[in-house]
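J.: Letter by letter, the chains look like this.
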Amino acid sequence: MSVYMDLNIIAISDKTKLQNIIETAAHLGYSTVAINYVVEPQQKKQQIPKPLSVSELCEKLPIVQGKSRPIKVLNRLTVVATDASHFRPSNEYKNFDILAVFPKTEKLFHAACMTYDVDIICIAATEKQPFHCKRSPINGAIERGVFFEISYTAAIRDSTMKKYTITNAINLVDVCKGKNVIMASGAETALELRGPYDIANLGLVFGLSDGDAKAAVSTNCRSVVLHGETRMTALGIIHVKKKSHPPSEQPDEASPALKRAKTEAL
Amino acid sequence: MVRLKARYLLCEVCVSDSSRLRLLEERSIYQAVKAAVIKAHGEYGAALFNIGSTVTYVNAYTGVVILRFRKAHYQLLWSALPFITSIWNQGQKVQCFFNCIHVGGTIRTCQKFLVRYGRQQLCRMLPHCKTEAEKQEVRRAVLSCSLRKLGVDDGDKDEDSEEEET
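Residue numbers (full-length UniProt numbering), protein chains in the order written: chain A, 1 to 266; chain B, 1 to 166.
In short, the hints are calculated from the structure, not lab data.
Ideal placement from N, C-alpha and C gives every residue a C-beta, glycine not left out.
Pair ranges (Cβ atoms, derived):
| id | chain 1 | residue 1 | chain 2 | residue 2 | range |
| --- | --- | --- | --- | --- | --- |
| 1 | B | K39 | A | S136 | 29 to 39 Å |
| 2 | A | M114 | B | E25 | 53 to 63 Å |
| 3 | B | H128 | A | L226 | 28 to 38 Å |
| 4 | A | V240 | B | K112 | 46 to 56 Å |
| 5 | B | E25 | A | D174 | 38 to 48 Å |
| 6 | A | S159 | B | E132 | 48 to 58 Å |
| 7 | B | Q95 | A | P49 | 22 to 32 Å |
| 8 | A | D14 | B | T85 | 13 to 23 Å |
| 9 | A | P130 | B | M1 | 52 to 62 Å |
| 10 | A | K60 | B | S16 | 15 to 25 Å |
Cut-off 30 Å, straight-line C-alpha distance, at most; resulting in silico cross-link-like pairs (DSSO-like, lysine-lysine):
| id | chain 1 | residue 1 | chain 2 | residue 2 |
| --- | --- | --- | --- | --- |
| 11 | B | K39 | A | K128 |
| 12 | A | K179 | B | K71 |
| 13 | A | K94 | A | K243 |
| 14 | B | K39 | A | K177 |
Full structure from sequences and hints, please.
T.: Right under this line is the structure:
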């Protein structure tokens, strides 16, 4: 049984609802979820929100279905970019585990694929993609390890949106040949989540093959999380961690810490 | 003779309020799935759905449903299931979603999986127990479904005892 992840749960201000969503996700078998904070810089005075820390959100995380570990909660920032000035790498981005960008124009899409330091590029689900995905930027993105996200909640809510989602998804999958695609929910209520097996099967509608569809909810998501980690560190080679242990335990702790650093570098 | 192969989808109907599950009925689930397939795949989907698709088992206490499709096109029909958001029954709307937990080739493998899954649910419930009596009850239920011989109604019984705890 592989590890399933849902990297898009919209951050809503209601805490109990959010807890409810996380609980449902754990019940469905997702072992990692990411809480998504969406920023639209073209609206005036929108600040980059401070992510809630996990301990603040709920003191006891629910146990994942079929596992004995509690669910892992990450923070994700999505920048909706309509202009090149909207995406500015700043220190505020560093509070988030995963960084995503939602380009609205072809030029920005090209830039996001080729140069932006992001983990995920979102594909429109609620409207027709205003530009055509070209092969060269997508190949560049695949080479850099950036992933494309298809969110399915809009499709569940409304049948017109479903048409747009399927159109855009098939357009994308045709160009990238099923590689580097992830599927995430984008859910705002607990009833909009779907189980990982259902989503893997839904991938067939989006034109993914069996293996690719399964990878889109499991291994590809893992790559996204790891890619997000490399952004924090020096290309994933060196990772500095503050130790909270008292100094007396240092000789015992030295070797596991070394090992940990090595595995993270890989 | 070669038998006609089928796929059994073991699904769980997830609702926000578990008392609403009592409203589930075989016919209303069949209608909901049929409507979803028609909406997703049109007349072609409806035609495929009409061949050998049935709702084999419904447990109104836990919301476990077994759907049976022909093997040749079960993936197409399955892809319509995520788009179900509510089930109508006797004029009442039940907000829910289907979560497929197992795909089996025979109903027997589904049953085996369901017993294992039910036990897993009981284990998950253990940390949520408040009193010692509740804990004992759950422990007893866990043991009973692991030791008892796999009977026909075994799945139902331990599912029921799980329901009492919530």
